[in-house]
Every structure is written in C-alpha cells, then in structure tokens.
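Below, each chain spelled out in residue letters.
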Amino acid sequence: MYDLLKMACDLARHEGCQFADARYLSIRKQRVTSRDQAISSGSESDDRGFGVRVLFQDAWGFASSPNYNADEVVKVVALALRIARASALAPRAGGINWAPEAALRLEFKSDCRQEPFEVSLEDKADLLISANEVMLRNKTIKRAQGFLSFKRVQRWYVNTEGSECHSDVTTSESMIWAVAVGQDDFQTRHWQAPASNRGFESYSKQDFVEQAERIAAEAEQKLTARLAPEGDFDIVTDSENLSLTIHESVGHATELDRVMGYEVSMAGASFVSRDKMGNFQYGSDQVTLIADNTLEHGLATQGFDDDGVPGQRWEIVKDGIFQTYSSGREFAHYADEDRSRGSCRADHWSSIPIVRIPNLFLAPGKKALSPDELIGDIEHGLYFEGMDSFSIDQWRLNFQFGGNAVWEIKNGRKTGMLKAALYQSSTPYFWNACDASCDERFWKPHGVTTCGKGDPMQVAQMTHGAAPTRFRKIRICRGRDS
Amino acid sequence: MNRKQAQELIANILEIPREGELRIQVNGVNRLGTRFNDCAISQNVLRQQTTLTLVARLEQKQTSVTINTLDDRELIKTNIESLFATCRHMPDDEEVMPATGEVIDIDEHAFCSTTDATKIEDIGAWAALACQAGTKAKIDLAGLLEVGKMFTAYGDSNGGFAHERHHRIDYHVTASGAHGSGWAEHQGVSIDADEVLTSTQRAINKCARAQNPGLFKPRPITVILEPQAVGDLLSMAFWYGFDQRAKDEGRSVFSHYDGDFGNLSLFSDPASTINPSLSFTEEGIALGKSMWLDQGEMQQLATNKYWAHKQDLTVKPSPRNLILSGAGTTLDDLVESTQDGILVTRFWYIRATDPGTLGFTGMTRDGTYRIKNGKVTNPVVEMRWNESVLRLLNNVVDSSEPIATGEFFPMAMPALKVENFRFSSLSE
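As you go down the protein sequences, you meet chains A and B in turn.
Count the first sequence with my numbering and you get residues 42 to 523, in order.
Count the second sequence with my numbering and you get residues 13 to 440, in order.
Note that these hints are calculated values from the structure, not bench results.
Here the structure is a predicted model, which means the values were calculated and not measured.
Note that the Cβ used here is the ideal one computed from N, Cα and C, for glycine as well.
Heads up, some of the hints might be wrong.
Per label pair, the in silico range of CB-to-CB distance [stated by the list, open to error]:
hint: 1; chain 1: B; residue 1: Q311; chain 2: A; residue 2: E481; range: 18 to 26 Å
hint: 2; chain 1: B; residue 1: E440; chain 2: A; residue 2: G319; range: 19 to 27 Å
hint: 3; chain 1: A; residue 1: G319; chain 2: B; residue 2: A190; range: 21 to 29 Å
hint: 4; chain 1: A; residue 1: Q353; chain 2: B; residue 2: N14; range: 45 to 53 Å
In silico BS3-like pairs for lysine-lysine, Cα to Cα no more than 27 Å straight-line [as the list claims (entries may be wrong)]:
hint: 5; chain 1: B; residue 1: K229; chain 2: A; residue 2: K514
hint: 6; chain 1: A; residue 1: K183; chain 2: B; residue 2: K73
hint: 7; chain 1: A; residue 1: K183; chain 2: B; residue 2: K317
hint: 8; chain 1: A; residue 1: K514; chain 2: A; residue 2: K408
hint: 9; chain 1: B; residue 1: K161; chain 2: A; residue 2: K494
So that you can see chain A by itself, here it is in the shape it has in the complex (with noise of 0.2 Å):
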C-alpha cells in the first residue's frame, strides 16, 4: 500500500517541494436507524481514495482522487503543485516555518473486541427496537427513535521525511431518544450510549433497555416540569453536560490556529492569546485539563496525527493556570515550541489536516468526594445532565448551555425537574467559579462525533470527560417564555 504514496512523496521532492506527504484512505462506515418499532434506514458506505499535501516555495498545495494507481498518482500531484503556484500569488510573509519531526514508523490498530461490521444486522435491529418498546410503553412517548452507526478507518501516510505509519481505528456511536407529547408541548429526552474508539463491545442490551425506560420516564416529567428560575445559582454538571462545555470553551479557545486568525473566517478567533501562556488565571485551583491522544478507547485516538507526529498527552490547564495550545507543525512555532502536540487531523482523504481538539478532559477532584457531598453543599441550585442547546461567541468568552433534563437543587437534594433551563456565562468567571469535582470514582469519558471546524466545514471526533463538578453563583437564564 506504501509503494505509490512513497512515489507521490517522491515525485513531489522531485519538483522541488520543501515537504509533501500522501495519506490513503479507506473508510467503511454503516448506520441503522430505528424508529418506534421498524428499522428505519439501513446504510453502509465504502470510500476509498488518496490525498497528496505538497508545500512549494512556501505555498500550500492540495488535491485528491478516488483512483489508486500509478497515472493518477502522478495527475494529482501535478494538480497539487499546480495548487501550490496559484496559492504562491499571496505567500505569507516570512514563509511557512514547519516544525522537524523525526521518521515515524508506526502501526496502530484501536480495541476491538467484536467486529461491528460482523454483528448482524438481526443483532443490531433487536438493541434498537427492544429499546424503543420500552420507550413506548410509556403512554405520553408518541415517538422512540434511536441508531447505531460504525466507522472503520484504515489509513496510510507517507512523507518525504521518510515517515511510514498505518493505523486502523474503528469507533461506535449509538444514541436512543423519546419524544413526549402532552396537551400543550412537546419534550425529548435522550440516552448517549458512550461513543468510542472500540467495536460493538461497547453496547448491552440490558443498558438500553434500562436506559429506554429512564428516559421515557424523564421525558414525560418534562412535560409538566416548571419553568427554571432565574438569577444566580450554584449548578452542578453532570459529565456530559460538561462535556460539551469543556469542548467549547477550552478546546476550540486553545487551538493554536485559531488563536493566529487562521479560523477568523469560520469559527472565529480565541480569547486565549500567547501571552497568556503559563500565567492566566483560566480556572480554579480545581481545574485541571489535560489533552491526551494516547487515552485508551478516545475518539482523537489514532497513534499518529496527519502531520506524522505521535499522539501525546500534555496539560493545558494545569491548577487554573493556562499551559499551552494544541497544535500542528505549521504552528507549533507560534507558542515558541520546538515540536508539534500532534493534533492535526482531516477528515477524509480529500481533506487537508487542520488543528483539531485532542482528547480533552477535566481531572476529577483529588478528594474523595461523591456526587451526594458535592450537591449537600448546595442550598438552592440546578443539576444539569446530557447535552442540550450550546451557543458560544467568537472570542469562546460567552457561553449559553441548556441540560437534556435539569433539576432543581434544594437544601442539598435533587428535587423536582425544571424546564427550559439555560446556564449563561464567559468562559475565565466560569472556570473560576468551580469549587470542586467528584473523584476519580465518578468520572466519566464522553464521546463527541461532530465537532464542525475549517472552511469547507470537516467534522472531526474526539472525548472529554469530567466527574459531576460543582460551580458557584452562575446566572441561569430560560430558553422559554413565562
């Protein structure tokens, strides 16, 4: 499989290039959707296909195609070099300082106990259905909806460098939900089974039965819960709640491109500016976030980046002091750093690498301390749990979070459920005001499938994770009218 990624490399060297790099792709993806008791869509997917990346007199250069053999091979590194030149009519001042990296030979293969691909299609319907059965049974659910869908990544990369690494990543993904219905509103709740790089061992039925009859009970006590106050409270996050807060407003905030303005056009720029590094105040003493692409099982696990860096593990938060970025080669140098953090993924074989969020996620608390002891210490608060609505600013300063059910806290109890709650905040006051995690007993990762960045728009995936963490006087706010 190297020979013609090695003659792309080559051909590129030949013209001239400072660096070039081919990755081969094939990606096997299948999804099965359910809803209430009839599979919906069952859709498997077969793409293949190579990407050539050449940097010529300091421009960018990049094309792609599905035809793997020797005459496309040298097409498309014509087109990329021809890229290159119409990118060389606006060169960037002072050219492209790429990071040195060593030769890297790597195999990679993630967990995989039970080959998805292998499960039958019987197997997968049985979770499914069985699932929205329970949901159903529940008068008030008037639709019970749910899917599985796995992807298989096998990938090759080369570079003139002298690189060569495979990996072979295959990850699950499922999610079930039930929408209710009452005289006069509608409410949905859902269940992530924890998406992951591992095969169908993930899932049991026994979780998504026990799981469908929690939410569908959940989603009918939305239906009559009341409106969330509003003013400034103590809240509590579960780990997937936080999960998202984590993603949104100390991932993206701490991309290296970002931060330079490569993403003004798209997603915007970053609050976090270099000088910042090692002595901001991002946090909390509480607050540790640590990014690691070595972390068994995480989504942005896959042994080596798209720029052929290994993955790592480093501190970007460490005691509420902000460390450093995550970052790729071309970037590295911003930060003053000699090396890459290994964090440049694409998406696809016709995408080129961009900088992406690692795994990242909230240390727990080095107290022992259950969730019933962090909320005791809460005289009238909110406990939010699951994904909801999430918007935040350009800057990643100002955030609005909503939880898929939230509950009232009184005089240190999870009480009655509220509806339409919304937890509004600026990234720094809200990391500041976290008083204290639940141990490591209590944590969980939390997996995150869709992270949209780049211009065209590449979806990439990574996991997070948190214990159930307490934060002091955040202003709430409600999505829905009086």
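Following the hints, put chain B in place on chain A, whose structure we already have.
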C-alpha cells in the same frame, strides 16, 4: 458527467440482475476552496469525488450502500447482490414507498457556463486580489473563496430518471482591525474579480466602522437584521418546525400554536433568479415552487411520500433553497426610519433553546452598530440574544429586497426591521 453519460451508467447498472426494486443516485463534486488569512493564502484544496448510492427495496424492506467506484462493474454487481441479501434481513417498515418512476425535465437553473469555465488559477488570482486589497487598507483579511461544480443524477428500475449540473459559489471575507471586525459575502452560482473586490471592500468598510465598540446594555430594542442574520435564523427555524407529520403528531411548535406569523411570505423555488438550487430530490421527486408562509398564512408543511399517502396529502419535499419576500425598502431607508436601534451584520452560533416555542439563542458578530435618529452612530460590543422566531415574525415592521445569502444552504433573504428584539448579555 453529462446527461448522456449518466443515462448510460444508470442503464448499465439496471441491467445487472437483481431481485427487487433499485434506486440509483450519482453525485459528482469538483470543488476548489481557497482560504486565506492575514492577507495570505493558507489553504488551497481541490476536492473531486463521485459517489454512487444504491437503494434496494423488497416490498416493505429497504437498505442502501454508497461507494465511490463507478467504473468497476464487478464491484457494483457484488454490492447489489450483498445489498439485496442484507435487505432480506431488514424488518418490515410500513413507511417504505416505491420509487417514483418519474422522468424529470430539467432546466439547470443553477448551472452557469462562466463558472463552469473557471480555472484553479482564476480562483487563486481572485483570492490574491482580495489579499492585496487588505494589504493596501492595512487590515487583516481572512476568507474563503470556493467554487463548486457539481452534478446529480437519479434513476430507478421503475423508469425514473433525472440529471442536473449545478454550481455553488461561496465567498465570505472577514476584515479584522485591532478593535473590531467587519464581514461580507457573495453567494450564488457565479462570481468574478469585480464581485470579489466589491464584497472585500464592503467587509473592509464594515471593519473600519466597527473599531472601538462601546457598551450597549442588552435590552429589547428595534433591530435591523441584514440578510445573513435573517437567513441563518429562519433556516434553522425551518428545520426545527416545518414538518407536516411532526405537526400532525404533536411534535412540533405548530401543533400547539394558534397565533399569527406576521405578513411575509416564505417559499422555495429551484428556479429563483437570485439563488437557484437543484431541482429534484434524492428520491427522484421534482421540486417546484413551494409556499410555506403565504403573506403570513401557514401552508402545508414538508410532507414525505409516506405521510402524504397516509393522510391523503400532496407530497411536498423538503426544500433545496429558501426565499423570504421583502417590502423593497432599501437598507439605508430602514436605518433612516429608525430612531433608536441596533444594526446587525450577521449572527453566529444559533441554537434552539426551546423547540416548543421556536426559541433560539445566538450571537451578533463582525459589525454591530448603534442607530440613533436615523443614523448609524457607533459600533457596539457584540451581544447574545434569546428570541422566539414566532415573536420575531410578528414584530417585523419593514424589510428590504431579498438578496443571495447562505453559506451552507442557498437562500434569498431581505434585511428585516424588527421591534423589541431581545438582547440578553454582552460578549466580554
């Protein structure tokens, strides 16, 4: 792939023996995206791909596969065999409907011969022109100039066939100064150097007026929303609510709402002269002009084949573009008639806060200005808003002519003047 080639490909695939109904979709993309920031080209990526989707139906069972190999007959044959083998194991779904068998005549409204002739070097040169304008103005420019040349073909074993070539242009540019930014776009099916420069200059001018924003204490106030802000919000609302079945089953805001929708008209039309679209669906159903709101009167919402069959309704596919009528007042006149208000260039990160009331939140971005006594006076710090689209439609008091907008979905939207728009917090 031209019409004749598509016909031949589909005919060849349909000759392969199979046990049931087969639908075929072929999608081809040739898209060059040139991205720049800091007045230099940062990415230049050509995406070329053709995909073949095969949908098998056996009575009430259906399944599909997508591959990107079109010239390997044996591979296609193997995929068809395994597709029908899988289909046999699918549980019955009463909602599976037969293929249309319809042959659709296409006028290719979204095809542009000058765009078809655009070369890699043209796009690089136009991006370079934009960068030079930024350098000259001493303002950082970042943007994307993307030229997409696509075709879509459909065929089925009941005799259905359609083929269309269609183009998309997406040019958007952000101009950033030390203390504020401006933005502009050019959407549609064609672009040239002059149009690149016009949009670029608009972003630069917006940026110049956006420096050193002052604080405006967030509160309900009259706003003038420029077309991108209108389009982003209305298209999001459309996908949350405009489904006939969800309405009929109580799962939509419109199941529980008996109020008004203002007096504007919202429709879709592949033949729009402002921002045309593909004119058939992936199921081979022709798209014509579809009214969604007719002068504030709600019409039948999007209805798929199954629901139309079950409820004895007309099939009304989800649209491929959206157009909002306007009153024709100019943007300048909208500003001039405003005593106390906010001018919003664009919205960002719109999300539903409550599908039950079509409540949304989002941010202003890249050029938000105070209006006093009919004049734009000063830039203000970007703000978050929380607002219901139902409330907004009823608070529209004036509008301009629609223009092309929509980075992700073709639209034609006017600027709207809206009273009592609810800003809720500052970006700080």
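Task: Holds or violated: A:K183 to B:K73, with C-alpha atoms at most 27 Å apart - done: holds (23 Å)
Task: Pair hint B:K229 and A:K514, alpha-carbon separation not exceeding 27 Å - done: Answer holds: B:K229 to A:K514 is near 21 Å, not above 27 Å.
TODO: Return holds or violated for the Cβ distance of B:E440 and A:G319 against the range 19 to 27 Å.
DONE: holds (24 Å)
TODO: Check the following: the C-beta atoms of B:Q311 and A:E481 are separated by a distance inside 18 to 26 Å.
DONE: Given a distance of about 56 Å, which is not inside 18 to 26 Å, the answer is violated.
Task: Satisfaction of the hinted span 21 to 29 Å by the C-beta atoms belonging to A:G319 and B:A190 - done: Given about 24 Å between the Cβ atoms, the range holds.
TODO: With 45 to 53 Å as the target window, see if A:Q353 and B:N14 comply at their CB atoms.
DONE: holds (49 Å)
Open item on the list: Need the status of pair A:K183, B:K317: alpha-carbon distance at most 27 Å?
Closed with: holds (20 Å)
TODO: Verify the proposed pairing of B:K161 with A:K494, using a straight-line Cα cut of 27 Å.
DONE: holds (22 Å)
Task: Restraint status (C-alpha distance of A:K514 to A:K408 at most 27 Å) - done: Measuring from Cα to Cα gives roughly 22 Å; hence the hint holds.
Of the hints listed earlier, the one the structure fails to meet is number 1.
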